[in-house]
Amino acid sequence: MYQLNEWIDIIRRFMDAGGDVLWAIAALTFVMWTLSIERVWYYKFGLSKDVDAAIKSWEARSERKSWSAHQIRQKLISEVSLKIDASLPMIQTMVALCPLLGLLGTVTGMIEVFNIMAVTGGGDAKSMAGGVSKATIPTMAGMVAALSGVFISTYIKGIAGRESELLEDHLTTDH
Amino acid sequence: MKPNFFKAAVFAVSGTIASMAMPAMAADEASSLDELLKKVEAGYAADAREAKAREQRFIAARSEQQAMLAKAKQTLKNEENRSAQLEGTFEENEAAITEKQRALKERLGTLTELFGHLTSTAGDLRSNFQNSLISVQFPNREEFVTQLIDKMSGAEELPSIEEIERMWFEMQREMTESGKVVKFDTTVTTADGQKEDQTVVRVGTFNLVNADGEYLQYVPETGALQVLARQPSGPYMGWAEDLASASSGMTAFGVDPTGPTGGSYLAALIDSPTLSERWHQGGVVGYVITAVGVLAMLIAIWRLVVLSIEDMKVAKQLKSGQAMTNNSLGRVLKVHEENPSMDSETLELKLSEAILRETPRLERSLNLLKIIAAVAPLLGLLGTVTGMIITFQAITIFGAGDPKAMAGGISGALVTTVLGLIVAIPTVLLHTFVSGRAKKILHILDEQSTGIIAEHTEGKAG
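Protein chains in written order, with my numbering: chain B, 1 to 175; chain V, 1 to 462.
Any given hint could turn out to be false.
Quick list of simulated restraints, FRET-style, between CB atoms [unchecked claim]:
hint	chain 1	residue 1	chain 2	residue 2	range
1	V	T222	B	W23	29 to 37 Å
2	V	R361	B	E6	52 to 60 Å
3	V	V219	B	W23	46 to 54 Å
4	B	A27	V	E337	25 to 33 Å
5	V	I397	B	E38	53 to 61 Å
6	V	S352	B	G161	23 to 31 Å
7	V	E348	B	E38	31 to 39 Å
8	V	D311	B	L4	40 to 48 Å
9	V	R361	B	A86	17 to 25 Å
10	B	E6	V	S276	33 to 41 Å
Hints listed in this document are in silico derivations from the structure and should not be mistaken for laboratory results.
For every residue, glycine included, the Cβ atom is placed at its ideal position computed from N, Cα and C.
From just these sequences and the hints, can you work out the full model?
Next comes the structure, spelled out in structure tokens:
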């Protein structure tokens, strides 16, 4: 319990030093990771059910050569790949937005620095340091969030492409 | 009218003078020379009589004068004697005073130094009391100290033990009170100039807030309390309100540590611009970015509503066997329903034609949204650069010596960057979200419509 409180205190101090933008970055990162984990969860546990259903309905067909059979195969693939690709663009956009939010934090922090400069006349380096940390911490946080997002989104994208291809391979046509 | 009146007055005056002179002259005037001679003779006799009488009077007076002179001489002698006597007394007294003063000095001895310290301490205390917030709660302290100082600098009277003890008490009270948070009633000048009796809370010597959670300013010159015309923004007001309504225990509160020396932090907080003032600092570019952002929001919401409804209709269409004309998928499927006997190649051509017809309706304004997302940060950059130009112009005029003149322009320039980012970030998110919806429907149209038709024909055939 004590350990937990200490951690909460550390996080709170970090958030205070970074300003409000840090909360936006945290929220964005949270949503991004939630979506990513949901995707990974789906690929691990939900996808096989959908693929099996598609394969089953395909194998149940009496013939798999005609024009209409081809169209139906394409429809089956499309239905599953829609599910596979869901929320992928959103994750990628969020990854791209993280550094942008970091930049926003930088600029608001700089405004604070200049504001303090305007009030104190620039003589007080100590009070300006607060604004500077508000400028730099979100930049760093945005970068870290984006980097982590780049890894996970690339991983997910890889799985999605592989699964789509595997599905197409499973639904074989009888030439 | 006026000159006439003046003339009349002149005539009236001259008339009066003439009437007075005339009878006198008539009485003295002799009718003949003989008569005149007689008159002269009679007059001479009268004059001689008068002269004799006067002479008689003077002789009588002379002896009297001599008596008076003798008396005056006597008085002078008396007074001279008295003067000499008083002078003697004066000298005696002077000697006595010198003697007494010497005795006083001797008896004061080390006390002189003590009273010197007392005077300087009282002087310090007076300036402390003048600026201290505690004076609001305990008025008249300053008067007492001023009286004490006057008394001690007068050198005629020595401060009494009661007074010295009271000074000690006041010093101690200042110290004790500076560590307390107390509530009391006093007169406060409100922001619109009215005088009101309010309950105020004093935090040591640092800050004063009233029951409405407003920060108060103490004006040492008049000893008056004023509600600050502009209050600090952010959590400070809520804290002040909490503090004012609290009766015991701990309350979070924003204390200005520079309070006793003038409250410069609070002033800085108040001087820092509010959110809307910041927004106005962005200038024309800032307004343009805001307008573009509002436009983007409206477009995004409109497309989101339209596409969500379309999505729902398409989902319904996917489940139903009949082609409905109220959604894009239904209209594409209708192509087959209207021409059931088409061969597959013609059907595919017709279908892609129908899909092409639907595409612009689904993708409407999405590109505009994308352009806004890209343009907003660029506009922000534009604002930054124009702001920097203004800053450098300020430097050419005022020189680089005044960081305040420069900092104002720079913070104004950065505001547009912030605005650009604030518009761009949600627009990018919304564009991804909305275009995701559109793409999903298009995906269904593109890749599944033919399959659905094939399923239908098979279902009918089988």
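So which of those numbered hints doesn't the model satisfy?
-> Hints 1, 3, 4 are the ones this structure does not satisfy, whereas the remaining hints hold.
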